[in-house]
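J.: Each chain, written out:
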Amino acid sequence: MRRSIRAAIGAGVLATALALTGCTSGGGGGSSSSGDGGGLGSAANPVKLTFWGWAPNMDKVVAEYNATHKNIQVTYVKTDAGDPAVTKLLTAIKAGSGAPDLMQAEYQKIPTLVSADAVVDIKKDVAASTTAKFSKGVLSSVTLGSDALYGIPQDSGPMMFYYREDIFKKLGISVPTTWAEYADAAKKIHDADPTNYLGTFSSADAGEFAGLTQQAGASWWGSKGDAWSVDIDSKAATKVASYWGGLVQSGVIDNEPQYTPAWNKGLADGTQVGWVSAVWAPGVLSGNAPGTAGKWRMAPLPQWSAGENATGNWGGSAIAVTSQSKHVKAAVSFNTWLNTSKTAVSMLVKTSGLYPADTVESKDALASGSSFFSNQPDFYTTAAKVAKTVKPFTYGPNVNVAYSAFNDQFGKAAQAKSQQAFVDALQQMQKITVSDLKSSGFTVKK
Amino acid sequence: MLAPAAVLFVLFMAAPIVYTLVLSLQKTQVSGLGLGSGSRKTVFAGLSNYAAALGDPDFVSSVGRVGLYGLIVVPTMLILALVFALLLDSRRTRLVGFSRVVIFLPYAVPAVISSLLWGFLYLPSVSPFVDLATSLGIPAPNLLSPNSVIFAIANIALWGGVGFNMVVMYTSLKAIPSDIYEAARLDGAGEIQVAIRIKIPIILPSLIMTAIFSLIATLQVFAEPTTLKPLTNSISSTYTPLMKVYRDAFTRNDVYSASATSIVIAVAIFALSFFFLRVVQKRAFEEN
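In the order they appear, the protein sequences are chains A and B.
Here the first sequence is numbered in my numbering, starting from 53 and rising by one per residue.
Here the second sequence is numbered in my numbering, starting from 72 and rising by one per residue.
Hints are supplied without guarantee of correctness; some may be wrong.
Distance condition first, Cα-Cα at most 20 Å in a straight line; then the derived PhoX-like pairs of lysine-lysine [to be verified]: (1) Lys-112(B) with Lys-490(A); (2) Lys-112(A) with Lys-394(A); (3) Lys-287(A) with Lys-497(A); (4) Lys-146(A) with Lys-112(B); (5) Lys-483(A) with Lys-497(A); (6) Lys-185(A) with Lys-437(A).
The set of hints was computed from the structure by calculation and includes no laboratory data.
Chain A extracted, bound-state conformation:
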């Protein structure tokens, strides 16, 4: 009896000692507090964070962090990409609990999240040396042109064109450099085999269409003083809508949504011969069609007139700290590691197939190319050139409304297979977006 009491006391002392040493060693750089709300935790009493995201293999990057950082332990929760994740977060914010500490947010969702008070300004916790690693354009999507910082950029999504090199060679088609050539190539491919398409117009991917209009020079929102302007049905965007409507009407490209089982199958079995996508496409292709490794090639997006050099953005995201997080300092510390440390950034490239927003730490990892594009060792050098040609674009406070209007209106148009319906759909989007802004009390100027 006495023996076990002594043993228990001994164990207790030992545990305390361990905790103390753990605290001093694990605390490392942050000599701060002892496990209170804003602190950085200790090995014995680590800060526990949750992180919602959807990038491929992000769990492996988080596991690497947890293995090397004993004072902060991150639980990664894989959510659905895009809208569902934002929906989930906004619901949790409204409910008052259930939100994670960190959240992957696409750039275009940040104005919505900020105005809903879902994410916090982390400017004072982020070192200037961290923000210095990003390009001005990327940084502006997390500052929204203000003094605040609403997240740390993770990846960017300059758009480019992917095609099946083997099928192009077999049919003797050269890689389209203009949209007119793209239309010709689409026709040749579809004529050679009516089940094959160079691409599909997807009414499920508003971000892709927004990027295509961005290439043509459109910017859907703008702000001046206290007023927003909406210019969704601009000349440039109408040109893009009419072009894709024409292709769908003639039937040379597909009109079914992307990211369906049917589309995945098309990528794998070669009936989808091309894909207008973004720099993160290798991650999607290797996940959905692993058997086609080495058969795809990437080229810059076709241009509106020969010799031009422009592209748009599709996706790309930042990691934001939510307003429900009780550990903002620890969250920023993890966030900084995740997006600006050499280890993490090279994992983002190699295991997640992302194109990091960090321009400094990503250099080495990008030099070695993408394993899925082993046939194209200059993949990332080309990507870097393309990334420099992204045109400016402003997102507004009701991107969610505009995107949901896109799904409905362009869904109908794609089904109707009529060029005019595509133009009408764009005008409807403009109308719906403006009236939503007005009914919320925004000042809208045209």
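Keeping the supplied structure of chain A fixed, place chain B upon it in accordance with the hints.
T.: Below, chain B without anything else, positioned relative to chain A:
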């Protein structure tokens, strides 16, 4: 004795309803560019959310769509359920237990999962039925095209509901004392005559109950079209009234107009069930 039930009712029914009513009378007012904390506040909106909901062409067409869907689903489902129940109850049927389980089984599969499974069967390029049809040279219809997608959705709901309604009807058939049948047979009635003259009139109350349940379930259709939506252009985000509520509340982040629409739907369901019950009750119960 009723205290626990009353507490539960207040907590989980009355309170949310009152809260929804309160929300439906408010709206968000934005100041400036709407960025930064505190730039949005909630103000009293009167009945403007209701006016907006009732005047929204998307909402009106979603109601029309659900009406058509109901006309397809409810009668088909009840007739199928009744036929299955009578067949299982008939003396000649073999393998009663097995058949009952097989018919009931789809009810046990959650709507989202069954919709996903059906979605795969509908999608032309992955559907084994389309493969089979093409190999036989028969043109396979595209079930996800705008005109037929409503039947595709109805089909999923049908298999989910038939088993449940059948079990309700079958149970009340089992409760009929067998001496009634003996008397009928002595009078020379066959199986079909027994079914029409005796069984159906006696189980009429459970037919009415299943009809009301089906009616309510119809007006609340959500899971099936929502699950199929990403697969096709034919289903908009306001395809059914509840999908519009979901879109307004979560995609457009406007919980106030969503509350107003859901109150409208709730009142409509209540009115419809009440009306239906009044009409049928007179016919069904006062004659006896």
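J.: Each hint should be assessed against the structure and marked as holding or not.
T.: Hint-by-hint comparison with the structure:
Under the criterion of a C-alpha separation no larger than 20 Å, the hint pairing Lys-112(B) with Lys-490(A) is consistent with the structure, at around 15 Å. Between the alpha carbons of Lys-112(A) and Lys-394(A) the distance comes to roughly 15 Å, so the proposed pair stays at or under 20 Å and holds. Proximity of Lys-287(A) to Lys-497(A) is assessed by CA-CA distance (about 18 Å); at most 20 Å being required, the pair is judged to hold. The hinted pair formed by Lys-146(A) and Lys-112(B) meets the criterion: a straight-line CA distance of about 14 Å does not exceed 20 Å.
Taken as a hint, the Lys-483(A) and Lys-497(A) pair is honoured in the structure, with Cα atoms around 13 Å apart against an allowance of 20 Å. For the hint pairing Lys-185(A) with Lys-437(A), the CA-to-CA distance comes to about 18 Å; that is within 20 Å, so the pair holds.
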